[in-house]
Amino acid sequence: MSYAIYGFLYLPILLIAVYSFNRARFGLVWTGFTFDWYWALFRNAAIWQATQNTLVLAGVSTLVSTLLGSLLGYGLYRYRFPGQKAVQGLLLLPVVVPDIVMAITLLLFYQLVRAYTGWFELGLGTMVIAHITFQIAFVAIVVRSRLQLLDPALEEAAYDLYANTWQKLRYVTLPLAMPGILAAALLAFTLSIDDFVISFFTSGPESQTLPILIYSTARRGVTPEINALSTVIVAITLVAVMGFPLLSRSSRERGRG
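Using this note's numbering, you'd call the opening residue of the sequence shown number 327 and step up by one each time.
Keep in mind the hints are simulated off the structure, nothing from the lab.
Each residue gets a CB set at the ideal place from its N, CA and C atoms; glycine is no exception.
Among the hints, erroneous ones may be present.
Stated by the list, open to error - Derived CB-CB ranges, DEER-like: (1) Leu416 / Leu367: 19 to 25 Å; (2) Gly358 / Pro338: 39 to 45 Å; (3) Leu416 / Val344: 26 to 32 Å; (4) Pro408 / Ile455: 25 to 31 Å; (5) Gly415 / Leu354: 55 to 61 Å; (6) Leu438 / Leu354: 45 to 51 Å; (7) Val567 / Val523: 15 to 21 Å.
To be verified - Simulated pairs of lysine to aspartate or glutamate, EDC-like, Cα-Cα distance not exceeding 16 Å: (8) Lys494 / Asp477; (9) Lys494 / Glu481; (10) Lys411 / Asp425.
Between the sequences and the hints, there should be enough to build the whole structure, so can you do that?
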């Protein structure tokens with residue numbers, strides 16, 4: 327039964343990868359093996375532009391969300407304050423709310439603010455803000471969970487050695503939490519690259535990303551170039567997904583050490 331479930335989930339991905347090497351431009355008939363469709367990706371200006379937009383979007387949003395999410399995760403771990411439970415509940419909203427709901431909410435917000443101020447013209451900037459809004463939650467949750475694994479005796483030992491709060495944070499807490507922070511950043515980057523719904527609703531005419539390009543192109547018919555591009559995205563995502571548990575395990579081991 328488990329093999330059938332795995333086959334149902336991953337067989338379509340495998341077929342896309344296989345037919346990305348098919349010499350035939352149309353149809354499902356195998357006519358020979360070729361790398362031509364992958365070379366064609368490098369000659370397609372639209373794909374290059376979408377790739378650039380995707381990397382800029384994922385890079386900037388991941389950098390900002392990792393910084394803010396790590397600070398939020400550390401604050402929830404270290405301090406107790408009134409309304410903390412409410413903050414923790416709000417932190418889960420971007421995780422549990424459907425993407426379509428968040429996308430429409432952000433779009434309405436942008437339209438409302440733009441109507442009164444002229445700000446938030448739909449484009450790469452609005453997409454970055456939209457991605458940060460849901461990435462922060464994932465980063466904060468991951469970082470906080472990693473900090474909870476740290477041995478409190480290590481921080482107490484730093485105080486016994488006359489370290490102040492900043493020195494304790496810089497030389498003890500931050501190095502031990504760094505694998506968890508990197509794992510959270512890797513997760514945020516993966517979520518940004520893979521996102522379609524929120525990107526689609528908050529994008530402008532000149533800010534097309536790879537998922538949006540694949541969707542718009544596939545509506546006119548699936549071509550070998552789309553299969554090749556999809557395979558590349560899946561490969562990048564797979565590397566990131568495999569790296570996340572490795573960093574998480576490293577974080578747990580260092581925390582217990």
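Right, here's what the structure says about each hint:
Against the hinted window of 19 to 25 Å, the Cβ-Cβ separation of Leu416 and Leu367 comes to about 41 Å, which falls outside the hint. In this structure the hint that Gly358 and Pro338 lie 39 to 45 Å apart at CB is violated, the actual value being about 22 Å. A hinted range of 26 to 32 Å is violated for the C-beta pair Leu416 and Val344, which are about 44 Å apart. The hinted range of 25 to 31 Å is satisfied by Pro408 and Ile455, whose Cβ atoms lie roughly 29 Å apart.
The beta-carbon spacing between Gly415 and Leu354, approximately 49 Å, falls outside the hinted interval of 55 to 61 Å. At roughly 47 Å, the beta carbons of Leu438 and Leu354 sit within the given window of 45 to 51 Å. With their beta carbons about 19 Å apart, Val567 and Val523 fall inside the hinted range of 15 to 21 Å. Restraint check for Lys494 and Asp477: satisfied, since their Cα atoms lie roughly 13 Å apart, inside the 16 Å limit.
For the hint pairing Lys494 with Glu481, the CA-to-CA distance comes to about 7 Å; that is within 16 Å, so the pair holds. A threshold of 16 Å between alpha carbons decides the hint, and for Lys411 with Asp425 the separation of about 24 Å lies outside it, so the pair is violated.
Checked against the numbered hints given earlier, this structure breaks hints 1, 2, 3, 5 and 10; the rest are met.
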